[in-house]
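Participant: This is what each chain is made of:
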Amino acid sequence: MKIILKNVSLFHPVQKIDEKEIDILLTDGVISKIGKINPEEISGAKVFDLSNKHIVPGFFDMHVHLREPGREDEETVQSGCNAAANGGFTGIACMPNTEPAIDSAEVVSFIKKQSKDHLVDVEVIGAATLGRKGEYISPMAELYEAGVVGFSDDGVAIKTSGILKRAFEYSKMYNIPIIEHCEDETLSGGAMNEGLNSTMLGLPPIPSVAEELIVIRDILLAEYTGGKIHIAHLSTKKSVEMVREAKRKGISVTSEVTPHHFTLIDDSLKIYDTNFKMNPPLRTKADVDEILLGLKDGTIDCIASDHAPHSAEEKEAEFEHAPNGITGLETQVGLALTELYHKKIITLGQLIEKLSINPRKILNLPVPNFEVGQIANFTILDLTEIFTFDINRSKSKSKNSPFDKRLLTGKALGVINKSKMFYQDEFLNL
Amino acid sequence: MPLSNRHLLGLQGVPKEDIQLILDTASTFREVLERPIKRVPTLQGKTVVNLFYESSTRTRISFELAEKRLSADSINFAVSASSVSKGESFKDTIKNIEAMKVDMVVVRHSAAGTPLYLTKISDANIINAGDGIHEHPTQGLLDMYSIREKLRKIEGLKVCIVGDVAHSRVALSNIYGLKTMGAEVSVCGPSTMIPKNIEDLGVKVIYNIDEAIQENDVLNVLRIQLERKAREYFPSIREYAKYFGITEERLEKNGKDILILHPGPINRGVELSSGVADGLNQIILKQVTNGVAVRMAVLYLLGTLN
Ligand SMILES: [Zn+2]
Ligand SMILES: [Zn+2]
Numbered sequence: 182m183k184i185i186l187k188n189v190s191l192f193h194p195v196q197k198i199d200e201k202e203i204d205i206l207l208t209d210g211v212i213s214k215i216g217k218i219n220p221e222e223i224s225g226a227k228v229f230d231l232s233n234k235h236i237v238p239g240f241f242d243m244h245v246h247l248r249e250p251g252r253e254d255e256e257t258v259q260s261g262c263n264a265a266a267n268g269g270f271t272g273i274a275c276m277p278n279t280e281p282a283i284d285s286a287e288v289v290s291f292i293k294k295q296s297k298d299h300l301v302d303v304e305v306i307g308a309a310t311l312g313r314k315g316e317y318i319s320p321m322a323e324l325y326e327a328g329v330v331g332f333s334d335d336g337v338a339i340k341t342s343g344i345l346k347r348a349f350e351y352s353k354m355y356n357i358p359i360i361e362h363c364e365d366e367t368l369s370g371g372a373m374n375e376g377l378n379s380t381m382l383g384l385p386p387i388p389s390v391a392e393e394l395i396v397i398r399d400i401l402l403a404e405y406t407g408g409k410i411h412i413a414h415l416s417t418k419k420s421v422e423m424v425r426e427a428k429r430k431g432i433s434v435t436s437e438v439t440p441h442h443f444t445l446i447d448d449s450l451k452i453y454d455t456n457f458k459m460n461p462p463l464r465t466k467a468d469v470d471e472i473l474l475g476l477k478d479g480t481i482d483c484i485a486s487d488h489a490p491h492s493a494e495e496k497e498a499e500f501e502h503a504p505n506g507i508t509g510l511e512t513q514v515g516l517a518l519t520e521l522y523h524k525k526i527i528t529l530g531q532l533i534e535k536l537s538i539n540p541r542k543i544l545n546l547p548v549p550n551f552e553v554g555q556i557a558n559f560t561i562l563d564l565t566e567i568f569t570f571d572i573n574r575s576k577s578k579s580k581n582s583p584f585d586k587r588l589l590t591g592k593a594l595g596v597i598n599k600s601k602m603f604y605q606d607e608f609l610n611l
Numbered sequence: 004m005p006l007s008n009r010h011l012l013g014l015q016g017v018p019k020e021d022i023q024l025i026l027d028t029a030s031t032f033r034e035v036l037e038r039p040i041k042r043v044p045t046l047q048g049k050t051v052v053n054l055f056y057e058s059s060t061r062t063r064i065s066f067e068l069a070e071k072r073l074s075a076d077s078i079n080f081a082v083s084a085s086s087v088s089k090g091e092s093f094k095d096t097i098k099n100i101e102a103m104k105v106d107m108v109v110v111r112h113s114a115a116g117t118p119l120y121l122t123k124i125s126d127a128n129i130i131n132a133g134d135g136i137h138e139h140p141t142q143g144l145l146d147m148y149s150i151r152e153k154l155r156k157i158e159g160l161k162v163c164i165v166g167d168v169a170h171s172r173v174a175l176s177n178i179y180g181l182k183t184m185g186a187e188v189s190v191c192g193p194s195t196m197i198p199k200n201i202e203d204l205g206v207k208v209i210y211n212i213d214e215a216i217q218e219n220d221v222l223n224v225l226r227i228q229l230e231r232k233a234r235e236y237f238p239s240i241r242e243y244a245k246y247f248g249i250t251e252e253r254l255e256k257n258g259k260d261i262l263i264l265h266p267g268p269i270n271r272g273v274e275l276s277s278g279v280a281d282g283l284n285q286i287i288l289k290q291v292t293n294g295v296a297v298r299m300a301v302l303y304l305l306g307t308l309n
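From first to last, the protein sequence lines are chains V and S. Whatever position you read off the first sequence (first residue = 1), add 181 for our numbering. Whatever position you read off the second sequence (first residue = 1), add 3 for our numbering.
In isolation and in its complexed conformation, chain V is listed as follows (with noise of 0.2 Å):
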């Protein structure tokens, strides 16, 4: 099938592409001509006028929990992926922490085989130690094998230095990140961010220092085993600050952040609404100022969402008891063109960078380009268009999200992957 994408602003980062109005043919979902195209020179072509719209590298969100196997009620592999999809994404890295955790071979292929024919790439993170327990790690020779990008214990940071050690040592022989929840549980343990707030609406606290504690260090280990450590969803200004410094020194370091740690503070728990309860939890302004510092200056290297789906019946309970955790795949562009891109923190291209390029070189995984001869991996973004995010419409099983009823400013309008497209909320075979 020939399609004809019309029209295009084209914009790619490290190709240096930025052309307006420009038409592309795809022939069964392969670039066959960047240019000017003239529909009627091609016969029984399907034309899609996207004018002001552009066309960008498809995005890949590396922090993403589906909860296949074991909650399947919260969302499957199938269903994830229609998110992600939904939500502007080609691709997905899916965390470990599923039942059983995400720790053998088999596991692996049957999540492989479960999003083999969606349009959506998904990648699997290995578990970093045997069912996430800390005790020993896992086999990561097979699970690599496999086609694992990375290990992590998610849910948890892994649990003691030693095996962190040996965890670094081991992986190395593949090159591929320990991506690390950097949690400290002798001092965490409570429901939100320890300050004010959780004085005054008294619930039990969780200390930023119990966040800076493990990035410190993973990031002295990574550099002493001369393994990759990536930090994911980091949230507090210090963590941001040692990350800096890391880099600076040469250790190799990436991170992530999640829409909600650039977009809200703890001030909004005064309503003890479990949806904007997650882990690490949301902190003060300050913390988000060094966060928008961060994303500018290029300390954190992607934006990543930690999709997180719940059952609502597990949701709607008291502050103290409600999982940790919020959908976000659906949110994240929005929210990232709103909040980053419209209020100049950061340019397009860097936007670009941390949502599609940066979290597939840090997974080693190819970038997309826009080349004759390429599959299209695109993700079609209207900048400007304004609309409120309806949490009826997601895609995801779960509606676990604060951000029900957002105004924002610029939306994902489609992907397209695999010879597949999404567009118009249909998909199609191309």
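Don't take every hint at face value.
[As the list claims (entries may be wrong)] Straight-line Cα separation of at most 30 Å, DSS-like style, residue types lysine-lysine; simulated pairs:
1. V/201 - V/187
2. S/19 - V/576
3. S/199 - V/340
4. V/451 - S/94
5. V/578 - S/94
6. V/187 - V/217
7. V/419 - S/207
8. V/578 - V/294
9. S/19 - V/451
10. V/451 - S/98
11. V/451 - S/199
12. S/123 - V/580
13. S/207 - V/466
14. V/525 - V/586
15. V/419 - S/199
16. V/580 - S/94
17. V/466 - S/199
18. V/580 - S/98
19. V/451 - S/207
20. V/451 - S/104
21. V/542 - V/197
Worth flagging that the hints you see were computed from the coordinates, not collected in a lab.
With chain V fixed as given, assemble chain S with the ligands onto it according to the hints.
Facilitator: Same frame as chain V, now just chain S with the ligands:
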């Protein structure tokens, strides 16, 4: 003039006029409690549910008695701690109670924010009888009532809250209420028991108990939790008693006629020596009686709002 809010979730943000009204109304009911027939028909036909997710015999009995004295129909709904952790069962319980068409719900829960959550799913007037380590507004009110009864004023007094401030629901309600009424409030306790940024509420932090005694007109002494988890916050009961316990010698040494409150039950020999607990400075049993009057006032003012 009626109360400005149809729920009592905490004393944070409650205007001075409302507190004044509750305390004045409590004075009226205090007289009722001295009569041979201690019952008024004010809330006849109203149904109040005492929803206790945490055992608290004293608070529950105080509310129950207040409800009976006002001729309300009261129902006790105690839920065992073991079934609390499941969020599902909590919502189901609330829906069940809602279906019974009750007028008021008095709720005690180990999780902060639960009373606020109730206001969103129920039409009843909600009274917070203690939520986690957040607020316990009727305790704050009865403490203020007791101080006012004894010292004839609140404004301008210096009040110190002593003990495990970080894990107390009484402390915040006292701080908000007392400050609204014009008192100067400080807290005193081991630094591990003083919550982060409490000074930002306009509260002075004192670590020396003698200093706290010298500087203040009133000490509101909190109960120290003795179970294992609470014990992580101080080295030993002996050390706590030695450095923060209120004893007769300590009061004498500081030469101070000071008013002592305690929400009860007391750990004798820990936060208060037996001598102080039974001594002339304390009004602990008065607080219990006043508790009934204050709760009658709250129930009456909320129950007759509409
Ligand atoms: Zn995590
Ligand atoms: Zn996560």
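Participant: Now tell me if each hint is right for this structure.
Facilitator: Results of checking the hints against the structure:
no., hint, verdict
1, V/201 - V/187, "holds, 11 Å"
2, S/19 - V/576, "violated, 49 Å"
3, S/199 - V/340, "holds, 27 Å"
4, V/451 - S/94, "holds, 20 Å"
5, V/578 - S/94, "holds, 21 Å"
6, V/187 - V/217, "holds, 9 Å"
7, V/419 - S/207, "holds, 29 Å"
8, V/578 - V/294, "holds, 20 Å"
9, S/19 - V/451, "holds, 22 Å"
10, V/451 - S/98, "holds, 24 Å"
11, V/451 - S/199, "holds, 17 Å"
12, S/123 - V/580, "holds, 19 Å"
13, S/207 - V/466, "holds, 25 Å"
14, V/525 - V/586, "holds, 23 Å"
15, V/419 - S/199, "holds, 18 Å"
16, V/580 - S/94, "holds, 18 Å"
17, V/466 - S/199, "holds, 17 Å"
18, V/580 - S/98, "holds, 21 Å"
19, V/451 - S/207, "holds, 24 Å"
20, V/451 - S/104, "holds, 28 Å"
21, V/542 - V/197, "holds, 17 Å"
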